[in-house]
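Peer 1: Here the structure of chain C is known, so what remains is to put chain B in place on it, guided by the hints.
Top to bottom, those sequences are chains C and B. With our numbering, letter number 170 in the first sequence gets 170, and the count goes up by one each step, no holes. With our numbering, letter number 115 in the second sequence gets 115, and the count goes up by one each step, no holes.
Below, simulated SDA-like cross-link-like pairs (lysine to any residue); rule was C-alpha separation at most 25 Å, straight line:
id	chain 1	residue 1	chain 2	residue 2
1	B	LYS161	B	LYS189
2	B	LYS198	C	ASN248
3	C	LYS102	B	LEU224
Just a sample of chain B residues kept apart from chain C, beta carbon distances all over 12 Å, derived:
id	residue
4	GLU70
5	GLU71
6	CYS72
7	ASP89
8	ALA102
9	GLU105
10	PHE188
11	LEU191
12	ILE193
Just so you know, these hints were derived from the structure itself, not from any lab. Just so you know, even glycine gets a beta-carbon here, dropped at the ideal spot from N, CA and C.
Each chain, written out:
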Amino acid sequence: MMEIGYYPGCALHGSSNDYEKSVQACMGALGARLKELDDWICCGASAAHVINKTLSVALPARNLGLAERDGVSELLAPCPMCSMELIKARRELVDNPGLRQKISEIVEIGLEGKTDVVNLIQVFQKIGIETIRAAVKMPLEGIKAACYYGCLLTRPASVLQFDDCEHPRSMENILEVLGAGSVDWNYKTECCGAGMTMANEPLMLELSNKILANAKAHGANCLVVACPMCHVNLDMKQADVERQYGTNYDLPVYYLSDLVGLALGLSEQALGIDKHFVVKR
Amino acid sequence: MFGNLVWYSQKGLRKTVLKAPRNFGGFEIASGGLQSMWMSEIPERSKDQIGFAMQPTPTYVNNLAHTKVEECYQCGKCTAGCPVAERMDLTPNQLVRLAQTAQFERALRCEAIWMCVSCQTCTTRCPKSVNCAGVMDALRQCAVEQAEDAPAQMRTVQFFKAFLQSVRRNGRVNEVEMTVLFKSAAFFKDLNIPMLMKDSMLAPKLFARGKFHVVGEKVRDRALVDRIFERCMKADLYPASSSEGHSH
Chain C
1 MMEIGYYPGC
11 ALHGSSNDYE
21 KSVQACMGAL
31 GARLKELDDW
41 ICCGASAAHV
51 INKTLSVALP
61 ARNLGLAERD
71 GVSELLAPCP
81 MCSMELIKAR
91 RELVDNPGLR
101 QKISEIVEIG
111 LEGKTDVVNL
121 IQVFQKIGIE
131 TIRAAVKMPL
141 EGIKAACYYG
151 CLLTRPASVL
161 QFDDCEHPRS
171 MENILEVLGA
181 GSVDWNYKTE
191 CCGAGMTMAN
201 EPLMLELSNK
211 ILANAKAHGA
221 NCLVVACPMC
231 HVNLDMKQAD
241 VERQYGTNYD
251 LPVYYLSDLV
261 GLALGLSEQA
271 LGIDKHFVVK
281 R
Chain B
1 MFGNLVWYSQ
11 KGLRKTVLKA
21 PRNFGGFEIA
31 SGGLQSMWMS
41 EIPERSKDQI
51 GFAMQPTPTY
61 VNNLAHTKVE
71 ECYQCGKCTA
81 GCPVAERMDL
91 TPNQLVRLAQ
101 TAQFERALRC
111 EAIWMCVSCQ
121 TCTTRCPKSV
131 NCAGVMDALR
141 QCAVEQAEDA
151 PAQMRTVQFF
161 KAFLQSVRRN
171 GRVNEVEMTV
181 LFKSAAFFKD
191 LNIPMLMKDS
201 MLAPKLFARG
211 KFHVVGEKVR
221 DRALVDRIFE
231 RCMKADLYPA
241 SSSEGHSH
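In isolation and in its complexed conformation, chain C is listed as follows:
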């Protein structure tokens, strides 16, 4: 059985608990065990890097230290905001030994920067696309998904070095073995404005509207994401977008793990899909 370190992040233990449910159920079905980091703290997410650079390195560094202490060599952070902050902090610690020493004193734990941080798509790739193909019980017919990567799965590209930052295909490749179709569209790496949902809602509605409109125009019947904040914006706020722009999209938004889980024969309840706002008719 494959075991992998697990950093849920605040969103998955908060209002995006359906994402955690989905990830856990999926990993269980694929024989991978998630070992949650003990007493992990918030990575600082969208706020720390705006207010205090040192804090934006120290908060994720504490978690990297916890992972090293517990002998975790690979850490799954299903939220791309978390994984990006963890990877960025690790890069700073590795690049700058002087800084690493000072941050280590600040966060009161030894730091070498040797833990690999991975996103959800990478974990599916590690389990193996062919393994997933062999485990599919209910091929997903009738799905024409717009795979939405958003910002932080692939950017900043020099730090993350994951997939093609302008034209990623990794989610489409997974959907293919599930028997689901995907559409070509223009907004797969455009920002949905998630960091500004509370602070500047008109901006976020405008950005999310462009994404939903483009997906619909290209014939998608659902969106697939691997980010809790993208999900909040595109699912929970979809009704607000429709009201603001006088449109009707009616596009369910699935986490990537939802579709993998459905193909593996798991129920919508087991995956938390029943907790989404936009439901398939």
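Peer 2: Then chain B, alone, in the frame of chain C:
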């Protein structure tokens, strides 16, 4: 060496905006189109400008962003790809220019740095590897204390502060607490009742889905989290002088 090249601040230069059609033969152009303003002069702001807490230098910005702003040659690719450039009073390439030429008074009091959604598109596409999103962060850090009183960006700043306040108290974000902290801080500043009540109807919908946690999670070692915050507020790990000279 840049003194003679500050072409955009020349008075009388006509504002030229390149505006691309939003739709080419059925293919909608992703992102903010080409409505960038690299041919235009930088607009002056009104009188009620905010000050700034810290006088940065180009070197300080470089150290914070691990970049070399002096590398920028104003191609405007950052602005062309920026999803919010259309709404900005200063575009990303103009902000990099201001950082290059140490014109921080204008850079720190603009609204644009608070519109940035940190999507990292500018940084990713820069042909000279200038970490433009990092420059935005560096400018915000220097401007944050004064920006919270300027109406246009007050809510944005209050949101970031409420977020970190909740992290400092619990070790993790408690969404309900953060929302209350944010809404009350913003209301205290602008007395805007509709904005205070906005989204309150979401609570029962979240509750029905098991997504509304009044009592959020707390880490065991909250004293440690507080110490980390305390030290980070005092630490000066990114000095204002002496360049590190490496880029991302």
